[in-house]
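S.K.: These are the residues of each chain, in order.
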Amino acid sequence: MASQGTEKALALLRRLPRVSLGNLKPNPGAVKSARRGRGIYGGKTHGAGSKGSGQRQNFMRLGFETGNTPFYLRFPYQNYYKGHHMRLSYAPLCMGKLQRMIDTSRLRTDVPVDITQLSATQLFSINPMEKMGGIMLKDEGIDHFQATLNLEVQWATEAVIASVERNGGTITVAYYDPISLQAALNPMAFFKRGVAIPRRMLPPQNLIDYYSDPKNRGYLADPTEVARERFVLAQKYGYELPDIRSSPNQEMLLERKDPRQIFYGLQPGWVVNLEDKVILKPTDPELLEHYAS
Amino acid sequence: MLLSRPNILRSLGRTVAPCRSLHNTAWLWCFRSAVSLDKIYPESDLDLTKPQQIPKTKGHNFSGYVPMDKVQVTYSRSSGPGGQNVNKINTKVDLRFHLASAEWLSPELKEKLATKHKTSITSDGFLVIRSDKTRSQQLNLAEAMDKLRHLIYTAAFVPPPPAVEDIERARRRHEAATRERLRQKKLRSVTKQGRRAPELS
Chain U
0 MASQGTEKAL ALLRRLPRVS LGNLKPNPGA VKSARRGRGI YGGKTHGAGS KGSGQRQNFM
60 RLGFETGNTP FYLRFPYQNY YKGHHMRLSY APLCMGKLQR MIDTSRLRTD VPVDITQLSA
120 TQLFSINPME KMGGIMLKDE GIDHFQATLN LEVQWATEAV IASVERNGGT ITVAYYDPIS
180 LQAALNPMAF FKRGVAIPRR MLPPQNLIDY YSDPKNRGYL ADPTEVARER FVLAQKYGYE
240 LPDIRSSPNQ EMLLERKDPR QIFYGLQPGW VVNLEDKVIL KPTDPELLEH YAS
Chain R
0 MLLSRPNILR SLGRTVAPCR SLHNTAWLWC FRSAVSLDKI YPESDLDLTK PQQIPKTKGH
60 NFSGYVPMDK VQVTYSRSSG PGGQNVNKIN TKVDLRFHLA SAEWLSPELK EKLATKHKTS
120 ITSDGFLVIR SDKTRSQQLN LAEAMDKLRH LIYTAAFVPP PPAVEDIERA RRRHEAATRE
180 RLRQKKLRSV TKQGRRAPEL S
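Chains as they are written, first to last, in numbering that gives the first Met the number 0: chain U, 0 to 292; chain R, 0 to 200.
Rather than coming from a laboratory, the hints here were simulated on the basis of the structure.
Careful, some of the hints might be misleading.
[What the hints assert, rightly or not] Capping the alpha-carbon separation at 20 Å, the derived lysine-lysine pairs in PhoX-like fashion look like this:
#	chain 1	residue 1	chain 2	residue 2
1	R	K57	R	K38
2	U	K235	R	K69
3	R	K55	R	K111
4	U	K235	R	K91
5	R	K146	U	K235
6	R	K117	R	K146
7	R	K69	R	K146
8	U	K96	U	K137
9	R	K69	U	K214
10	R	K87	R	K111
11	U	K235	R	K49
12	U	K96	U	K191
13	R	K57	R	K111
14	R	K109	R	K49
15	U	K81	U	K137
16	R	K57	R	K109
17	U	K235	R	K132
18	R	K109	R	K69
19	U	K191	U	K81
20	R	K57	R	K115
21	U	K235	R	K55
Pulled out of the complex, with its shape left as it was, chain R reads as follows (with noise of 0.2 Å):
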């Protein structure tokens, strides 16, 4: 994407030359040293304010995506000792959205939180998460993120099926127990009988 000017070039000089810069909207005369960016990343397009492509939720695969203008977010204090800086700053972080109309979540995953995250859930609907850990609001909010992906993360872990080898085992274990069972069940049986008065027939 590299633009040439020769005539600009030859009157400067070797070292100035059109670099590209980090952004692209002008261009900007800067000097480039053998170790700038562009030699030791030749490939790359060396763009800071890249957009980010933001990956999709499917299934049971939640990507690790929340979307900040679909969840609300609110300070308020903290509880504790701390003296002026816990009764004046607020870093308690409440972190809540509405799990039926979030459209982030697939309906798999929504299904598994209401069931096994419902005591997070509020009567209206609402998937609660608060933090006061640490003495930062910021730090609290990172500390409500993680909890809310751990929440998801574990709602949408599905055990993976046993493996034919442990289902026999467990089938072989179970019977061998068995069968030991009923053994001493029937050597307890003959000892009560020996017990018992002779039958006098």
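In isolation and in its complexed conformation, chain U is listed as follows (with noise of 0.2 Å):
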């Protein structure tokens, strides 16, 4: 049954006109008169308040500070910073460091190296919240560089990208929202959290070719265009590409996430309890059919 004040309401809708333009008014008060004050109460300082620029007429422009430079004239637009606050910034890796850490055992490569692997490395802070987007990987130290990897990060020029291939390894370029990226950074931590594991986003609109192309290992990119330009940059920097498939590793090297993953192994919407190690996972169908969208 529903309360007095909503059948009064009803009762009113009912028999009242239709609403229109023409049956409309604002509540007393609302709008206030632009004209200037007269007569007995509108009179002595007619609106115009006692002393200062307000009553003499003279009013200041907005962000006059008075005579000196204002705030809004000190500082001098600089085109170097157009789009700032929009564009993202990586943790630079060069592939000496990333060789060093191999060595030094720092870093596995039985494994997939991704950013939750290069994270726990401890060596990089990275902070999705100050428009960080992962790490990028430089082309400093190339020549050393020996191993192995099936490498996913976030950026990766061309000549880094023959770098791994000529040695037999894989590389992946992801994108990672803040979210998802903050996940992925450390795990443990989010798992604490008792969430469940979010989809990753795909990139924004000045990202989303960048991540599509082929010749950037995009992941979002169509793998048998990647295998041709695979073909192309072994052509063009002078080496024999490496077969995978006759590799022992060929399973390791081809494990690729799905572009809504965060985790390898784990899906979006399980909820990782580490108390009592078990994964709770969701079974109402519109929570699956919201977590594989």
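Both chains are sitting in their own frames, so use the hints and assemble them into the complex.
M.R.: Structural data, given as structure tokens:
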């Protein structure tokens, strides 16, 4: 049974004519008249207040600071900073450092190396909230790189891709949105929160072309086209492309995440319980549909 | 190429399904969302290790393919400034192959290379390309490959025959020039004759 107020309102609706522009009026006091005050209660200061620039009709423009250079004029406009609030930055990792990390057993090569593995070395400080997108590989030290890896980073140049592939490895560039990146950087801290693993979001408009290009080994590119680009790059840089099919690590080298996945082996929607060492999976069809979309 | 295993599918639920992973040796039970690669590229076989067809070189059309096992690459130290790095690291690249016995080039191309780029060919018949442009061995090798391809493409280049209009234009201009030259010659001759003493006949 609806409340009395609701019943009264419904009764009103039933008997009153249809609401139109012709029978609407603002509440009293909502609209103030623009007229100058005249007469007894609009008199004396006539709506101009007392003293100051307001009464003397000498209004200072917005931002004026009585003569000194105002805040909005103190800083020159620099084209360098145009759109800086939308641009992502990446933590650099040169190939020489990557080789050193492997040689000193700081990084495992028997599992796919993604942002989670690289962040576990604790050699990088990546803050997704400060518009950092992850890790980028730089081509300093490509001559010293000798490891066979399944790499997944957020940005890589052509020379870096060539140096990884000539050693028999594979490299992919993948996008992580800030929330997914925060989860991927510290999985244990994320699991302790007890929330369901979110879906990884697709890249924004300015980055979707980069991640769909087989030349960059984007994670959204067609693997058949990537195979062609691997061949072309091997010809460009002058090495024989090693056959992954005859490699003992074939399975590991070809392991890839789904574009919506953050962790290998874990799906969006699952809740990882570290205390009881169980994984809770949703059963509701709506939830399953949402997490698989 | 997707195998169907209905009894397993039913027990595991909708989202976990056999997927075409990037390799064909084993079936991986992996997660597939609505934006997985097999949904974005339904016609593709999603094979990262697909062997590529090697393009062939015929006549003057060089395909661009250089077989790395038929070419000898040696490294040495580069010249110039650079301190300890340039003294110790082998960044200079020497790329060579015996031109006459190269099966990956057509006979026409080999002939053209021998004539046009004979300064790059040694007395033993090896075409040599060197590069020490950058500080990296790999980038220098890429530069040497680029130089090699450039050599072959410039040797293979056959300029197209001139168009009929161009030949016609050239002929007309040549004839006009000849006519003008003879006219000037005649004028000069008349001037010179005028300076001679008149013939008293």
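S.K.: Hint by hint, note whether the structure agrees.
M.R.: Hints versus structure:
For a cut-off of 20 Å, the pair hint linking K57 of chain R to K38 of chain R is broken: about 40 Å separates their Cα positions. Between K235 of chain U and K69 of chain R, the direct Cα distance comes to roughly 16 Å. Compliance with the 20 Å bound is thereby established for this hinted pair. For the hint linking K55 of chain R to K111 of chain R, the alpha-carbon distance of about 18 Å falls within 20 Å, and the restraint holds. As the CA atoms of K235 of chain U and K91 of chain R are separated by approximately 17 Å, the hinted pair is consistent with the 20 Å bound.
Distance check on the hinted pair: K146 of chain R and K235 of chain U sit about 11 Å apart at the alpha-carbon level, within 20 Å; holds. Of the supplied pair hints, the one linking K117 of chain R and K146 of chain R holds, its CA atoms being roughly 15 Å apart against a limit of 20 Å. Straight-line distance between C-alpha atoms of K69 of chain R and K146 of chain R comes to about 17 Å, which keeps the hinted pair within the 20 Å bound. This hinted pair checks out: K96 of chain U and K137 of chain U have alpha carbons roughly 10 Å apart, not beyond 20 Å.
Annotation: proposed proximity of K69 of chain R to K214 of chain U is violated, straight-line Cα distance about 27 Å (limit 20 Å). Note on K87 of chain R and K111 of chain R: the hinted pairing is violated, with a Cα-Cα distance of about 39 Å set against a maximum of 20 Å. Only pairs whose Cα atoms come within 20 Å are accepted, and K235 of chain U paired with K49 of chain R is accepted, the gap being roughly 19 Å. Distance restraint check for K96 of chain U and K191 of chain U: the Cα-Cα separation of roughly 31 Å exceeds the 20 Å cut-off, and the hinted pair is therefore not satisfied.
A threshold of 20 Å between alpha carbons decides the hint, and for K57 of chain R with K111 of chain R the separation of about 14 Å falls inside it, so the pair holds. Of the supplied pair hints, the one linking K109 of chain R and K49 of chain R is violated, its CA atoms being roughly 32 Å apart against a limit of 20 Å. Between K81 of chain U and K137 of chain U the alpha-carbon distance is near 25 Å, which puts this suggested pair outside the 20 Å criterion. Between K57 of chain R and K109 of chain R the alpha-carbon distance is near 12 Å, which keeps this suggested pair within the 20 Å criterion.
Using a Cα cut-off of 20 Å, the hinted pair K235 of chain U and K132 of chain R holds, with the two alpha carbons roughly 16 Å apart. A hinted pair counts as satisfied when its Cα atoms are at most 20 Å apart, and K109 of chain R with K69 of chain R qualifies at roughly 15 Å. With a C-alpha separation of about 39 Å, the suggested pairing of K191 of chain U with K81 of chain U is violated against the 20 Å cut-off. Only pairs whose Cα atoms come within 20 Å are accepted, and K57 of chain R paired with K115 of chain R is accepted, the gap being roughly 19 Å.
Between K235 of chain U and K55 of chain R the alpha-carbon distance is near 17 Å, which keeps this suggested pair within the 20 Å criterion.
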